[in-house]
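Number of protein chains: 2
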Amino acid sequence: MDSKRKEVLVLEDILGSNKKIASSIRQKLLEHQILAVNLLSSPGSGKTSLLEKIGQKLQGKYRVGVVEGDVETERDAERIRKIGLPAWQITTHGACHLEAKMLARIFDQIPADLDFLFIENVGNLVCPASFDLGESLRFVLLSVPEGDDKPKKYPEAFITSQVFVLTKCDLLPYLPFDRERVVKEALEINPKLKVFETSAVTGEGIEELCAFLESELEKRRVKNA
Amino acid sequence: MDSKRKEVLVLEDILGSNKKIASSIRQKLLEHQILAVNLLSSPGSGKTSLLEKIGQKLQGKYRVGVVEGDVETERDAERIRKIGLPAWQITTHGACHLEAKMLARIFDQIPADLDFLFIENVGNLVCPASFDLGESLRFVLLSVPEGDDKPKKYPEAFITSQVFVLTKCDLLPYLPFDRERVVKEALEINPKLKVFETSAVTGEGIEELCAFLESELEKRRVKNA
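Same order as they appear, the protein sequences are chains C and H. Using numbering that gives the first Met the number 0, read the first sequence as starting at 0 and increasing by one per residue. Using numbering that gives the first Met the number 0, read the second sequence as starting at 0 and increasing by one per residue.
Because the hints were derived from the structure by calculation, they are not lab data. Some clues are possibly wrong.
Taking lysine to aspartate or glutamate pairs in the EDC-like style, the calculated list, with each CA pair at most 16 Å apart, reads [what the hints assert, rightly or not]:
(1) K5/H - D131/C
(2) K18/C - D131/C
(3) K5/H - D1/C
(4) K151/C - E71/H
(5) K5/H - D12/C
(6) K152/C - E71/H
(7) K3/H - D1/C
Whenever a hint applies, use it, and build me the whole structure from the sequences.
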């Protein structure tokens, strides 16, 4: 067998086995009525800052937990714990994305009575898009400083997400960035995307995003009642 | 053989075969006395903007060419061609990094009389670090909006580079970013890193970076004369 063919077969193996584990995680989350959100973006797009804001807003009313995926360090989990939320760290030591098996390994530590479980993926706009973690919703984040030309350059993350969160909108005055262009381009790739324009500094869009999350949780609970 | 073992073997295969092709590219670049720079960073860190600035500055005196690596679209190559430089596009259609074999496929199109060949890798701070392209120098870029905590979170790109370019320094007044911290952290990972603080907007650091590139080119030519 040539090496290209071998490579394809191993990748299919990995994705196939990932899918099975993700399905079993999805089933457990459904049983526990936990809404799980998988957050995808480049490094430094503001995933942790967004989670700090959302977490603070939701934690009075709901039980919220966070899984932190990182290549190295436990810095993001420490930030989340500082605002009083439980955080579980997955350090991949080199791997460029989370896989369902990594989540499965720590799943027993996650309390069954959570309402929301946020999973912050490794900072990478490419690879995490191919790996289902059993999440209920997938968010793709893009920050204003990254530029308005990114959705078509990195389409997979936008195709596989249900929500597009534009972050760091407080920096719009200082950068040549066309909000309309980026939203139009994202919707051309995936017309079903729900779009939120946010800033963790000014709080723009955080309330709307939390209202959306609450409604998604309630909708699913009614459906499964 | 279990699937983990199979996975490791295929990865070793890929990296081994990549190394061989990279060595042959390195040999050709040496024969033609071309200085090749592989640029690594997250999406939107300003690789293309930096290349526009450097290219404009060097092109009066030197022959400069650019290879553009992207998951999708030819947008960056078009930007480079607009400033009058030749650009060759490698679209990976999903793959998260450039490999030496992709460069080898287009190598015949690259004129042998170039002085500088810049290779803009796929926007990804993780995977491209594992793949030698036969380059003479590797640059890792980090933009101010990405945050000063990134080197230790994404160490491999900093370990394998010779130069660390901090970009978008014009945004420092608007962001909580500790220049000293990021430089200190990068140097803790790799004490040999040469550091440049730049802005494609104000032009800060561009002259120093070009002077460094010129001196590297001359140094190598004297050595190989």
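To see whether the hints hold, each was checked on the structure:
no.: 1; hint: K5/H - D131/C; result: violated, 22 Å
no.: 2; hint: K18/C - D131/C; result: holds, 6 Å
no.: 3; hint: K5/H - D1/C; result: holds, 14 Å
no.: 4; hint: K151/C - E71/H; result: holds, 7 Å
no.: 5; hint: K5/H - D12/C; result: holds, 10 Å
no.: 6; hint: K152/C - E71/H; result: holds, 5 Å
no.: 7; hint: K3/H - D1/C; result: violated, 20 Å
Of the numbered hints stated above, those contradicted by the structure are hints 1, 7, listed in ascending order.
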